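There are 2 protein chains.
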Amino acid sequence: MSFFSRLETRARQIDSLLCVGLDPHSSDLAEDTAGAARDFCLRMVEATADVAAAYKPNAAFFEVLGPAGCAALQEVIAAVPQDIPMILDAKRGDIASTADAYARSAFYTYGAAAVTVNPYLGYDSLQPFLEDPERGVFLLCKTSNPGAGDLQDLWVSGEGVEPASMPLFQHVARLAQTWNQADNLGLVVGATQPESLRLVRLVAPDLWILAPGVGAQGGDLSAALRHGLRPDGLGMLLPVSRGISRSRNMRQAAFDLRQAVNVQRQALAAHLHPPSAHSDQGAG
Amino acid sequence: MSFFSRLETRARQIDSLLCVGLDPHSSDLAEDTAGAARDFCLRMVEATADVAAAYKPNAAFFEVLGPAGCAALQEVIAAVPQDIPMILDAKRGDIASTADAYARSAFYTYGAAAVTVNPYLGYDSLQPFLEDPERGVFLLCKTSNPGAGDLQDLWVSGEGVEPASMPLFQHVARLAQTWNQADNLGLVVGATQPESLRLVRLVAPDLWILAPGVGAQGGDLSAALRHGLRPDGLGMLLPVSRGISRSRNMRQAAFDLRQAVNVQRQALAAHLHPPSAHSDQGAG
Numbered sequence: 001m002s003f004f005s006r007l008e009t010r011a012r013q014i015d016s017l018l019c020v021g022l023d024p025h026s027s028d029l030a031e032d033t034a035g036a037a038r039d040f041c042l043r044m045v046e047a048t049a050d051v052a053a054a055y056k057p058n059a060a061f062f063e064v065l066g067p068a069g070c071a072a073l074q075e076v077i078a079a080v081p082q083d084i085p086m087i088l089d090a091k092r093g094d095i096a097s098t099a100d101a102y103a104r105s106a107f108y109t110y111g112a113a114a115v116t117v118n119p120y121l122g123y124d125s126l127q128p129f130l131e132d133p134e135r136g137v138f139l140l141c142k143t144s145n146p147g148a149g150d151l152q153d154l155w156v157s158g159e160g161v162e163p164a165s166m167p168l169f170q171h172v173a174r175l176a177q178t179w180n181q182a183d184n185l186g187l188v189v190g191a192t193q194p195e196s197l198r199l200v201r202l203v204a205p206d207l208w209i210l211a212p213g214v215g216a217q218g219g220d221l222s223a224a225l226r227h228g229l230r231p232d233g234l235g236m237l238l239p240v241s242r243g244i245s246r247s248r249n250m251r252q253a254a255f256d257l258r259q260a261v262n263v264q265r266q267a268l269a270a271h272l273h274p275p276s277a278h279s280d281q282g283a284g
Numbered sequence: 001m002s003f004f005s006r007l008e009t010r011a012r013q014i015d016s017l018l019c020v021g022l023d024p025h026s027s028d029l030a031e032d033t034a035g036a037a038r039d040f041c042l043r044m045v046e047a048t049a050d051v052a053a054a055y056k057p058n059a060a061f062f063e064v065l066g067p068a069g070c071a072a073l074q075e076v077i078a079a080v081p082q083d084i085p086m087i088l089d090a091k092r093g094d095i096a097s098t099a100d101a102y103a104r105s106a107f108y109t110y111g112a113a114a115v116t117v118n119p120y121l122g123y124d125s126l127q128p129f130l131e132d133p134e135r136g137v138f139l140l141c142k143t144s145n146p147g148a149g150d151l152q153d154l155w156v157s158g159e160g161v162e163p164a165s166m167p168l169f170q171h172v173a174r175l176a177q178t179w180n181q182a183d184n185l186g187l188v189v190g191a192t193q194p195e196s197l198r199l200v201r202l203v204a205p206d207l208w209i210l211a212p213g214v215g216a217q218g219g220d221l222s223a224a225l226r227h228g229l230r231p232d233g234l235g236m237l238l239p240v241s242r243g244i245s246r247s248r249n250m251r252q253a254a255f256d257l258r259q260a261v262n263v264q265r266q267a268l269a270a271h272l273h274p275p276s277a278h279s280d281q282g283a284g
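Protein sequences appear in the order of chains A and B.
First residue of the first sequence? That's 1 in this note's numbering, and the numbers climb one at a time after it.
First residue of the second sequence? That's 1 in this note's numbering, and the numbers climb one at a time after it.
Please keep in mind that the hints were generated in silico from the structure rather than gathered at the bench.
No experiment lies behind these values; they were computed from the predicted model shown.
Hints are not guaranteed to be accurate.
Claimed, not checked - From the structure, some residues in chain A lie toward chain B, with a derived Cβ separation under 10 angstroms:
| # | residue |
| --- | --- |
| 1 | His-25 |
| 2 | Asn-58 |
| 3 | Ala-60 |
| 4 | Gly-66 |
| 5 | Lys-91 |
| 6 | Ala-96 |
| 7 | Tyr-110 |
| 8 | Ser-125 |
| 9 | Leu-126 |
| 10 | Asp-153 |
| 11 | Ser-157 |
| 12 | Leu-175 |
| 13 | Gln-177 |
| 14 | Thr-192 |
| 15 | Phe-255 |
For glycine and all other residues, C-beta sits at the position ideal for the given N, C-alpha and C.
Just chain A, same shape as in the assembly (with noise of 0.2 angstroms):
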């Protein structure tokens, strides 16, 4: 089975595109400890893992921990049910033997579903995240960050950018639309930038996008999801942390987050949908 046949399966019994940040920043932890790290997670996990369509633990800040913090991090993973993906937000991109060690650091060292990889490598840079059918890549397209325009949105023109020069961050989308041959593919757009998910939808209409930013705002999140939803309602994965992991009750949080992201589904869920197609998906 196919990284995104699972996650879809996984969103459909759910009713959810919720994916759930992993996130322990040393200021959200009583002691700046791997255990600290370990048992804020596996909180978050035990509230949420009725609604969280993915969980995405974030390498950064397991691997400021040392040795303890990468130990903490299988624990996590190893703890997570075995229908629910698990994405690496580890961004990592290398060639030839140091990628082909990654993918295999993220996938068995660790036991992750996915993870997160940089564009600016090219293709063989991917390949080896890729080999293994039952798991997945999102790649770096657009971020949201004030240094995001530096390279990403520069026009770009030169062999295989067609028909015409284009954002590099829409190239790249253009790019793994084609190298998705196994169903393994998505990428990583921010749910800030609507115009982008547009843009990105225009080449890449097939990918799962995984769209961070998202916050309480019903404004940002409709225009998120009216760009970036595929005409199955699917299509995008919504990451949301500290929104969930600050409230007082993070399973409520969630849940409120599932709904608030299905009630602007439904509403949209006319125009995503052709009469003449996908009558027999609901959209939530």
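Go by the hints and put chain B onto chain A.
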């Protein structure tokens, strides 16, 4: 003392541009364990400490060994003499508090003096790595793998690309030249592409370049040095790993490599040194 001052002091002191790559590939280890990886690296360090301008452990080969591998990386870094800079080849790239955690991990959890970083997320993704004036960054610019052209060779135009369109990797080099405000930012450019080195040097005359790919071939080496060295005969760091680790006599192999580089540097010295300047700085 800035990272590159420290590196220059070391390079002049031992008259070497050699960077010894510590890459414990599983295929090179007697057994696939963290202890074997650590011992493999410690043997390399012991054999080469007299001619290594720097060491470059590759994070992937430690990570894939799990928590014990991370502990081995700590031990290897701690075992290297204090006056030899350690460059952690990790190719990280993330934003905000995550980038901050990666920087703290590389510099303080693991004790590296410098780290390789990916440019795709833009300036603020580098900032946490540049904050400590004694630590350094090598920014990925032009790699030598088959897919490097997928993004790096595209022609870019747009805000900040001046005076005219240029390949993306050259724009990255130009950005790095302007971002290097504290003598702590260099570049990674494959040594197998002399023309890329030339284009990089046009826009980044001052920066240190970590240039992987130099083999035993004098031809490649000469062309790489001709286009990459600064007028002071420094500014390039040449990583070699298997060329040392797989030789019967690692110490001799490292001495031979230093010598091969220095013969070429001396042959180039007349061209590199404009008669009016730097006349007191020998190229070796």
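So, going through the hints one by one against the coordinates:
no. : hint    : result
1   : His-25  : holds (6 angstroms)
2   : Asn-58  : holds (6 angstroms)
3   : Ala-60  : holds (4 angstroms)
4   : Gly-66  : holds (5 angstroms)
5   : Lys-91  : holds (5 angstroms)
6   : Ala-96  : holds (7 angstroms)
7   : Tyr-110 : holds (8 angstroms)
8   : Ser-125 : holds (6 angstroms)
9   : Leu-126 : holds (8 angstroms)
10  : Asp-153 : holds (6 angstroms)
11  : Ser-157 : holds (5 angstroms)
12  : Leu-175 : holds (6 angstroms)
13  : Gln-177 : violated (14 angstroms)
14  : Thr-192 : violated (13 angstroms)
15  : Phe-255 : violated (26 angstroms)
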